[in-house]
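Asks: This is what each chain is made of:
Protein chains: 2
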Amino acid sequence: MSKLFAPGSIAVIGASQNPEKVGHAIVKNLLECGYPGKIYPINPREEQILGLRCYKTVSELVSSEKKEDPTGVDLAIIAIPASRVLEAVKECAGNKINLVIVISAGFKETGPEGLELEKKLTTFCHEHKIRLLGPNCVGLLHTHTPVNASFARGFPQKGHISFISQSGAMLVSIIDWSKAAGLGFSHFVSLGNKADLNETDFLEYAGWDPATRVILCYLEDIVDGPKFLEKAGRISTHKPIIVLKAGSSPAGARAATSHTGALAGSDSAYNAAFKQSAVLRVENMEELFDMAFAFANQPLPEGDKIAIITNSGGPGILTTDRLEKAGLHMARFTAETSRQLRTFLPPEASIYNPVDVLGDAGAERYRFALEKVLSDPQVDGVIALLCPTATTDAREVAHSIMEIRKEIPEKPLLSVFMGGKEIQEGQNILREARIPCYTFPERAVAAMEGMVRYRRNSAALHEKIELLKKIDKKAQEESEPYSPFYNTAQVKAIFYDALRERRVVLLGHEGIKVLSAFKIPVAPSKLAKDAEEAARIAEEVGFPVVLKIASPKILHKSDIGGVVAGLENGWEVKRHFEEIMHRVQRFVPDAPFYGIEVQKMMPTGMEIIVGSSYDIQFGHLLVFGLGGIYVNLFQDFSLRLAQNLEEPDIDEMIKETKAYRLLRGFRGSNPLDIQSLKDTLLKTARLVTTFPEIREIDINPLLVYEKGVCAVDVKITLSHNLVADVHPVWEREEQLIEQFAERRS
Amino acid sequence: MSKLFAPGSIAVIGASQNPEKVGHAIVKNLLECGYPGKIYPINPREEQILGLRCYKTVSELVSSEKKEDPTGVDLAIIAIPASRVLEAVKECAGNKINLVIVISAGFKETGPEGLELEKKLTTFCHEHKIRLLGPNCVGLLHTHTPVNASFARGFPQKGHISFISQSGAMLVSIIDWSKAAGLGFSHFVSLGNKADLNETDFLEYAGWDPATRVILCYLEDIVDGPKFLEKAGRISTHKPIIVLKAGSSPAGARAATSHTGALAGSDSAYNAAFKQSAVLRVENMEELFDMAFAFANQPLPEGDKIAIITNSGGPGILTTDRLEKAGLHMARFTAETSRQLRTFLPPEASIYNPVDVLGDAGAERYRFALEKVLSDPQVDGVIALLCPTATTDAREVAHSIMEIRKEIPEKPLLSVFMGGKEIQEGQNILREARIPCYTFPERAVAAMEGMVRYRRNSAALHEKIELLKKIDKKAQEESEPYSPFYNTAQVKAIFYDALRERRVVLLGHEGIKVLSAFKIPVAPSKLAKDAEEAARIAEEVGFPVVLKIASPKILHKSDIGGVVAGLENGWEVKRHFEEIMHRVQRFVPDAPFYGIEVQKMMPTGMEIIVGSSYDIQFGHLLVFGLGGIYVNLFQDFSLRLAQNLEEPDIDEMIKETKAYRLLRGFRGSNPLDIQSLKDTLLKTARLVTTFPEIREIDINPLLVYEKGVCAVDVKITLSHNLVADVHPVWEREEQLIEQFAERRS
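These protein sequence lines map, in sequence, to chains X and F. Using numbering that gives the first Met the number 0, the first residue of the first sequence is number 0, and each one after it goes up by one. Using numbering that gives the first Met the number 0, the first residue of the second sequence is number 0, and each one after it goes up by one.
Be careful, since some hints might not be right.
Claimed, not checked - Beta-carbon label-pair distances, calculated as ranges:
1. X:N669 / F:A180: 47 to 53 angstroms
2. X:L114 / F:H328: 29 to 35 angstroms
3. F:D266 / X:G664: 26 to 32 angstroms
4. X:K714 / F:G560: 41 to 47 angstroms
5. X:K128 / F:E363: 42 to 48 angstroms
6. X:E363 / F:Q423: 36 to 42 angstroms
7. F:Q423 / X:K128: 51 to 57 angstroms
8. X:R331 / F:F542: 31 to 37 angstroms
Read the hints as simulated data drawn from the structure, not as lab findings. As the structure is a prediction and not an experimental result, all values here were calculated from the model. Cβ coordinates follow ideal geometry from the N, Cα and C atoms, glycine included.
Start from the sequences and build out the full structure, keeping to the hints where you can.
Replies: Written out as structure tokens, the structure reads:
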């Protein structure tokens, strides 16, 4: 992979003399960027291109160069019509070139024919172990090699930001924009159609690349969610990944689909995935680059206590507002810092945060204030603001900021110089010195917030990884951690029964049984075939009970009078059993009859919803939220991917919701049993990861008491497709289950 | 006031030869901006300044100029030490100069002495009918006069944006920045300490000023809330006002207070105030100017259906995302538009919204797509995006956008050219043609959202004003609209009783009586002195009843067993009356005893909170929200200023909350009586505006039924201060009330 960014030699298939052609631009870019390796233009109709000898074919090139360079050609860039690309790739394979970039468009993005062409290309590459970038891409470049294997106009400044983009046009725009903005990059990749190499491959490279300090991604979809997360999680413990994910609104997702033909995962799954792998998600392009500049050049803040130094009140207040809105905190200085500021600054200056050095402040006053504030142990980061005034020399202030930065390099220092011509030179000085300088306060605050958030999330991720290591060890010791604990055979038997009858929605008592098998406390529920059995079960589970008609065809049980609650004795149970039967036969005579469920009624508790649904991109999501009507009304819930979920995640998940405030005892009420709730969430996560054939599970309500919890209603939906695809174990165990089911009935 | 921005002649008191002095910069600015009037430098120690004759004193100037210019001097700008400013103003007064700008600092902002100095200055000005801007300000300028009566470096481009700023430094920064950004202004004002002229005065001027099309304000506080709102409301029906209000976070508000010594109103009051006067509040500086450029140069959109035209997919998707997040909608084209796009654009182009004209699109393709989309009746506004590609000529595309703008000028058209050098010329062409051109999509979306929001709010405000006119007419006809309907005498009597006993918190049954006087349905409640009376009242109001101890000293009644609910007959009432008495005497023997309230218990209904609290800046705020624990947990409430509140406002207020979804029938439950709820809100608003001495009122819960509502608990707190200050009527009516109260007892 590193050869892709530092190839010893490059063949450009489709190189051209015509300056309007992409094949011309690529050769020109390679020459102009100062690429140190060999460039071989390939074109049967040319002798020479831009002063380089042109070869008729790759074979001709390889055979004629063999004597000089026995290692062969490292990389081929292909820029010829789509119909001839496969042929060219075959020629590469024949000549031992196993890295290709296909610039050419005319594949998946154009419709079914293009898709067919692309599939053939991908298959060939897989079979011949050729790694391919594209097709339909702009190419890639690396400023440290240097290599510009793209047809983008211009070459960015050398720096430490990597940018992986699913949009080629955006990449070109950003190269152009970055030069004026003073942003430096390590490398750029245009992903194109991602027929082979995708975001995860390049993420991995950027994570390794020593020239890269921060990784930016513009993505419209992710090819392999779980793999992306795994790699991202490993990298983001030491290198920040910032993602601008398009298609976050329903209409945006539609646009994304029409653009790349990609199947976008639901946006909340992306949010959960990014959070769990400490990937910073940003909302727009400005934020992406505001953060990039700060991350690439500044140390991370230890905490969220920020100080502001300003030469005018208004911008100081605005910055304070933004900081607090972003969830950061204004640092409170030690008494010593304030005392020192007092001795040097004029009496009208504000010596508290925000420090106002006043409009007539020169470089000396900035220097002094910065030094004191940066040295304060209660300050985690500093934003220095400057407005041009009659006496301010922005250049000198910029110089003093630079010097202080060198003296005290441990904390992040961002600057905001507000204005145009008057502060331009000052801004340039700071940007050259790699101190981020913004024009408006909100931009600096966005960057600082990103740094604080990343620091926090990556620390949490680090802890999580340590925890998982310990658990892995334990698992190895005990060989099979869950099966002795959870009754998986019972679950399989229930699923088998349902699927054999082609039912994908389990009946209520079946769901209850599945939960019991995973040791989740439930309100006991059994199926009665007749009134006598119902009364017997009621005695067994304990009064009062509720009766519910059980039939896969009757979804709205209450509407036909299929539910009767609050029955206090056997006689009532028998009478209502008959009455329900009567109503069902009258209203829905065709519905298959399974019996009537008899369930113990539980005392009221706080209603919580716990559930999970399968996301096509990332697998199962776990949901936790306030139950009853409020989950819908207030959207008070949190989400996580169920895979690898451990207690710290669940802890965070509960604390994210407002329901948490109710759980821990709101306005004088007693705290509820959060530990049992956590157990239930964890067990639900284990249930769906053990049984990927569960498409949806919905425990609503789960009652939470001062002591204990109880699942009352549960709806489990299975996926026919998943049974075969995801759970091969299933096939092998079918016979076993058959026996189990028989023994049980 | 218009003289301030177009004075015939200006005296500069404190003019100086020294280029480092403010008094020099002002004279220089006046000369350099091309000010057409006369400039008179005043300085006892100079003969000439910058080639102008210098006068020793204002008196010398006026007497020597009298022959030539009998109209006298229009404006004096004062830039001398604070201690000598009053004297200078006195001299101005003596020479009939009644407009002064005090640039000098050293007043309120420096502490108590400065405040004293400022007060003297203000008093003198008031007494001598002198209007004063400042002190401690940068001055003002108008680009159309032109006049630059400030010491700011540079002069902005001529344009149609007015900027009123409470921060001088920010103003200077913006002048500097705006030149590079290509933004033109009509005038700038630096408010300084607002000793006399304040934001409302300048708002009024900007509303009138024909050169101004959009008004920007940076404010840290508002001097006279109600007056600001009244003026703002009138202006914003025809001219947009965009406000960046600092101090919106608690820490920001602290910073604001230390900066100007201003007493900031609570942020939610500001939000309500701005909403009710159709003032657009923005969150940061970039938004302020993004919107300003669009408002100053583009027509308003008729609706919120926006179309996007792009030459690359990624940015199109990002823009779609942002539009939907901003609450706007993607336009759906008519079949005819799509058909026409199909005929002209290449087959791979997307002919639905966002329209993708593809990377190789030239000016012609943009021109065609823009024309078709702008003409579509289902499109309210268009954003045109461009990324530089190999074949794009940004200049030509810019020209075609310009031409289409001229041909179809009715709908807003914003553009986004993403890049640096490659698109610079295109951006310049558009900006010169007054078509907003942004570098990132999110900025264009912010501007479009502002236009849609303003359009909607100002239309609603317009309707409201028409409604108020009708009500005013009706009021004139009926002479006194509310007193015959509401029993104000009863309210006054209750307040009088409480205040006579120096109680500011009313007892429960008193609150209930106040509500009844304003025809708000209540759960009947009466005070019983003894057990017999309690039983009698219970018979009267109807069983079941609740008993509550009534004593101003006992706030937490339940804690001492002072509340007993669910009493079903006279015997129970009598027994529990005695028991409560017993407990009270045992636990709080010193508490003054008023009796025990007997209140009818109401059937359960949906719990709503209705209340009002007095905001020092804007007067009474009306609050509506979900009751019970949820108002605190979910912060689900809405706010409005109670003054001039009418049914449309209340309608909007209810609809803003999630409680509304419960009220209109959530998930199958029956809709509740929203009309009675509205009545109650309106009556509560009338109650607090009729009686400004109510500091707080809290009806919690108000039960809402399928038919009717009922106030169960109400807490009313009066303000001692307000009685005398705000309600002079009180004093006059005191005797009357005395009589009334006597008659009543």
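Asks: Each hint should be assessed against the structure and marked as holding or not.
Replies: We went through each hint and held it up to the structure:
The hinted range of 47 to 53 angstroms is not satisfied by N669 (chain X) and A180 (chain F), whose Cβ atoms lie roughly 59 angstroms apart. A hinted range of 29 to 35 angstroms holds for the C-beta pair L114 (chain X) and H328 (chain F), which are about 32 angstroms apart. In this structure, D266 (chain F) and G664 (chain X) meet the distance hint of 26 to 32 angstroms, their C-beta atoms being roughly 30 angstroms apart. Between K714 (chain X) and G560 (chain F), the C-beta spacing of about 46 angstroms keeps the proposed range 41 to 47 angstroms intact.
Our hint of 42 to 48 angstroms for K128 (chain X) and E363 (chain F) holds, since their Cβ atoms are close to 46 angstroms apart. The given range of 36 to 42 angstroms is respected by E363 (chain X) and Q423 (chain F), whose C-beta atoms sit roughly 38 angstroms from each other. Checked against the hint of 51 to 57 angstroms, the C-beta distance between Q423 (chain F) and K128 (chain X) comes to roughly 46 angstroms, which is inconsistent with it. Under the hint 31 to 37 angstroms, the C-beta atoms of R331 (chain X) and F542 (chain F), about 59 angstroms apart, miss the expected range.
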